Amino acid sequence: MGKNKKIEVFGTLSKSETLFTISDKTIPGTLVFESFQPFPGYYNEVPNESKPVYLYIGLDKDYDVFEVSRAFQHIKKTKGWNFEAACASVKIYAKTFHTLRLRHLDSYDDIRPIQEAFAELGIKPKTISGKWKQEEGVITLKKTFCIQKVAKGIFMDCSEDYHAYFLLPKYMTPEEFKDYNQQVIYNWYDSKFDAAKGSFYHKFKLREMVRIYSKKLDLNYLEDLQKLYLSKIK
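If you count the sequence shown from 1, position 124 lands on 124 in this note's numbering, and the numbers rise without skipping.
The hints are simulated quantities; they were obtained by calculation from the structure and are not laboratory data. Keep in mind that the hints are not guaranteed to be accurate.
[What the hints assert, rightly or not] Pairs of lysine-lysine, DSSO-like flavour, derived with a Cα cap of 27 Å:
#	residue 1	residue 2
1	K76	K95
2	K142	K178
3	K143	K203
4	K234	K205
5	K152	K126
6	K205	K170
7	K143	K51
8	K142	K216
9	K170	K25
10	K6	K77
11	K124	K77
12	K126	K61
13	K170	K149
14	K232	K215
15	K149	K192
16	K215	K178
17	K178	K143
18	K234	K6
19	K149	K227
20	K126	K149
21	K142	K192
22	K192	K227
23	K142	K51
24	K5	K51
25	K142	K126
26	K142	K215
27	K192	K178
28	K216	K143
29	K149	K6
If you're wondering where the values come from, they're calculated on a predicted model, not measured in any experiment.
Produce the entire structure from the sequences given, and follow the hints as far as they go.
What follows is the structure in structure tokens.
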């Protein structure tokens, strides 16, 4: 991958977030989760009262990622709405929900029209009567990343501010990554960051990576953090 060249890669991202259900501004009786702390390792910030950060719209089944992408592109083209959507699974305790992760909504008022627009194209919302209040959910996201190489094994996100990625030399289970990440955090004395494990395909090869969220993402910061991550791998 050439330095400074922007590329699009398809991959996954796994992380834990504190979630709760919301019912205002949604289709009545449908499942919608909101993230209480989207980047818990970086800061504890409750969502803005007028503008959601991350929403997870429950779906009635596990739809094919291309089917969802096709519907999303059609909605953006015909409606002119500015938001992002990606397939995601949300696991709370032993129960897994199939969802759409929504980002960059202008208002909570956008939720119901987006649900209805997807439903018209066959991507139907999940109906549910239960509620969740600040439960830890394990989220697995499937999405396309637009990235740019800035140094060996280090990439910046081209479409999302404050996001960077490091390549890792091997796969780790969620439990292994959690322990490994804690070792890094305990030995890091610069600005805080949030981390999530992931992987993406590029040139017919699956590459393991860690996503870093921080508002301090200059190259020296990233290279120092990368060195610490690589030093802790056994």
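Hint check:
| no. | hint | result |
| --- | --- | --- |
| 1 | K76 - K95 | violated (31 Å) |
| 2 | K142 - K178 | holds (20 Å) |
| 3 | K143 - K203 | holds (17 Å) |
| 4 | K234 - K205 | holds (22 Å) |
| 5 | K152 - K126 | violated (43 Å) |
| 6 | K205 - K170 | holds (13 Å) |
| 7 | K143 - K51 | holds (22 Å) |
| 8 | K142 - K216 | holds (26 Å) |
| 9 | K170 - K25 | violated (43 Å) |
| 10 | K6 - K77 | holds (24 Å) |
| 11 | K124 - K77 | holds (20 Å) |
| 12 | K126 - K61 | holds (8 Å) |
| 13 | K170 - K149 | holds (19 Å) |
| 14 | K232 - K215 | holds (24 Å) |
| 15 | K149 - K192 | holds (22 Å) |
| 16 | K215 - K178 | holds (22 Å) |
| 17 | K178 - K143 | holds (22 Å) |
| 18 | K234 - K6 | violated (31 Å) |
| 19 | K149 - K227 | holds (16 Å) |
| 20 | K126 - K149 | violated (39 Å) |
| 21 | K142 - K192 | holds (26 Å) |
| 22 | K192 - K227 | holds (16 Å) |
| 23 | K142 - K51 | holds (23 Å) |
| 24 | K5 - K51 | violated (33 Å) |
| 25 | K142 - K126 | holds (19 Å) |
| 26 | K142 - K215 | holds (24 Å) |
| 27 | K192 - K178 | holds (16 Å) |
| 28 | K216 - K143 | holds (24 Å) |
| 29 | K149 - K6 | holds (7 Å) |
The structure fails to meet hints 1, 5, 9, 18, 20 and 24 from the earlier list, while all remaining hints are met.
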